[in-house]
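S.K.: Chains A and B are the protein sequences, given in the same order.
Counted from 1, the first sequence has number 141 at position 141 by our numbering; the numbering is strictly sequential.
Counted from 1, the second sequence has number 155 at position 155 by our numbering; the numbering is strictly sequential.
If you are wondering where the hints come from, they were derived from the structure by calculation, not from laboratory data.
C-beta atoms are modelled at their ideal positions from N, C-alpha and C, and glycine is treated no differently.
Don't take each hint at face value.
Using C-beta positions, here's what the derived DEER-type ranges look like [stated by the list, open to error]:
1) A:Gly128 <-> B:Lys123: 37 to 47 Å
2) A:Glu120 <-> B:Glu35: 30 to 40 Å
3) A:Asp159 <-> B:Val138: 47 to 57 Å
4) A:Glu46 <-> B:Gln171: 53 to 63 Å
5) B:Phe162 <-> A:Val177: 36 to 46 Å
6) B:Gln171 <-> A:Ser164: 34 to 44 Å
7) A:Arg7 <-> B:Ser164: 35 to 45 Å
8) B:Val94 <-> A:Glu120: 45 to 55 Å
9) A:Glu120 <-> B:Asp179: 27 to 37 Å
10) B:Asp125 <-> A:Ser59: 58 to 68 Å
11) A:Glu167 <-> B:Gly104: 51 to 61 Å
12) A:Glu30 <-> B:Gly136: 49 to 59 Å
Facing chain B, a subset of chain A residues (Cβ under 10 Å, in silico) [unchecked claim]:
13) Thr41
14) Gly45
15) Ser54
16) Phe58
17) Leu65
18) Arg69
19) Val73
20) Gly82
21) Cys84
Protein chains: 2
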Amino acid sequence: MKTSPLRGFTLFLTGLAGAGKTTIAQRVNELLLDEYWRTVTILDGEVVREMVSSGLTFSRADRELNIRRIGYVAGEITRHGGICIAAAIAPFRVARADVRARIGALGAYYEIHVATPLAECEKRDPKGLYRMARQGLVKNVPGVDAVYEEPEKPELRIDTSFLSVEEEARQVLQLPVRDGLL
Amino acid sequence: MKTSPLRGFTLFLTGLAGAGKTTIAQRVNELLLDEYWRTVTILDGEVVREMVSSGLTFSRADRELNIRRIGYVAGEITRHGGICIAAAIAPFRVARADVRARIGALGAYYEIHVATPLAECEKRDPKGLYRMARQGLVKNVPGVDAVYEEPEKPELRIDTSFLSVEEEARQVLQLPVRDGLL
């Protein structure tokens, strides 16, 4: 019996720019490595746009294509018993539902809505995105001049205005722990 | 210890259109499933162009980008202890060297040159590609009006003019078997 004894899973963090997705992803990654000796692939927006989505714009069609590619890569990792943490705004409900269906058929899937309010995201503005959007220098920013369709039934919802990164990461890890995957 | 006990690897089949890459990939996949109970991701040209490379052309730059994306996905699968079989023309030596370096750092990597002569590929012409190329209806076909840089030191070279698919697939499988990966 040489099949992997590990069941793969994907943690998909969705939320506005500046909500704290990447910060949580990185801490969860560290905990998985340090406490469970597990290898993780992080698919955050910038890695994905470099590795599989270079050339795509931020139009609705290209955002959907970007999420579809994330779903494909995360699915293949999950299929092989690996762990993937995806962190992307992923503003469209239908695109997220497609990702859930694909990955859920290959392993476990957890949607985490990083639900930090827009005002807080805009105050942080780590990349200056909101400032530029308010000045009209960039367009199609979800929450400003583009839609962000809130998840209706995420496996977990986190408002990073209130918790420490450590608490947030532990809450996320509880999902696969609860299901016996770690 | 929950780390996967499996060491991942990628079998990368390169060669002209019609050389027999996909046929070999499919038989190797069946053998891995039936005899070793292993899950495989096949990244052949059409899957890749649907899932991560839609919109790319067959220009030199886009072909390189396509191979780079295959290398990225295959690398992540390999990282998690999975098995990936990539089947792509991949005509450029430098792009293949980049893929080898990336994946080799994450697991085992085997380049298989499916070295069926052009005349034989053209006789088979399963997609009518060569016929269209000779009629000037398509351009940038490696071996016709675009370069195919032959691998200098592939782990295995197969000329499908002489062997059965079964023999070819067994030769490919010998590579990971020899290294104790199966």
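S.K.: Does each hint hold? Answer for all of them.
M.R.: Here is what the structure says about each hint:
1. Between Gly128 of chain A and Lys123 of chain B the CB atoms are about 59 Å apart, so this pair departs from the stated range of 37 to 47 Å.
2. Hint check: Glu120 of chain A to Glu35 of chain B, Cβ distance near 55 Å, so the stated range 30 to 40 Å is violated.
3. The beta-carbon spacing between Asp159 of chain A and Val138 of chain B, approximately 54 Å, falls within the hinted interval of 47 to 57 Å.
4. For Glu46 of chain A paired with Gln171 of chain B, a C-beta distance near 41 Å fails the hint of 53 to 63 Å.
5. At about 55 Å, the CB distance of Phe162 of chain B to Val177 of chain A disagrees with the hint of 36 to 46 Å.
6. As the Cβ distance of Gln171 of chain B to Ser164 of chain A is approximately 56 Å, the hint placing it in 34 to 44 Å is violated.
7. With their beta carbons about 37 Å apart, Arg7 of chain A and Ser164 of chain B fall inside the hinted range of 35 to 45 Å.
8. In this structure, Val94 of chain B and Glu120 of chain A meet the distance hint of 45 to 55 Å, their C-beta atoms being roughly 46 Å apart.
9. In this structure the supplied range 27 to 37 Å is violated for Glu120 of chain A paired with Asp179 of chain B, their Cβ-Cβ distance being about 52 Å.
10. Between Asp125 of chain B and Ser59 of chain A the Cβ separation comes to about 38 Å, which falls outside the hinted range of 58 to 68 Å.
11. Against the hinted window of 51 to 61 Å, the Cβ-Cβ separation of Glu167 of chain A and Gly104 of chain B comes to about 39 Å, which falls outside the hint.
12. The hint said 49 to 59 Å for the Cβ distance between Glu30 of chain A and Gly136 of chain B, and at roughly 57 Å that hint holds.
13. With a least beta-carbon distance of about 5 Å to chain B, the hint placing Thr41 of chain A at the interface is held under the 10 Å criterion.
14. Below 10 Å, beta-carbon pairs count as interface contacts, and Gly45 of chain A has none with chain B, the closest being about 15 Å; its hint is therefore violated.
15. With a cut of 10 Å, the hint placing Ser54 of chain A at the interface with chain B holds, because the nearest CB-to-CB distance is about 7 Å.
16. Using the Cβ-Cβ criterion of 10 Å, the hint placing Phe58 of chain A at the interface with chain B is not satisfied: the shortest such distance is roughly 15 Å.
17. At a threshold of 10 Å, the smallest CB-CB gap from Leu65 of chain A to chain B is about 7 Å, leaving the interface hint in force.
18. At a threshold of 10 Å, the smallest CB-CB gap from Arg69 of chain A to chain B is about 5 Å, leaving the interface hint in force.
19. With its C-beta approaching chain B no nearer than about 6 Å, Val73 of chain A sits inside the 10 Å limit, and its interface hint holds.
20. The interface hint given for Gly82 of chain A holds, since its Cβ lies 3 Å from the closest Cβ of chain B, which is under the 10 Å cut-off.
21. The closest approach between the C-beta of Cys84 of chain A and any C-beta of chain B is roughly 8 Å, which is under the 10 Å cut-off, so the hint is satisfied.
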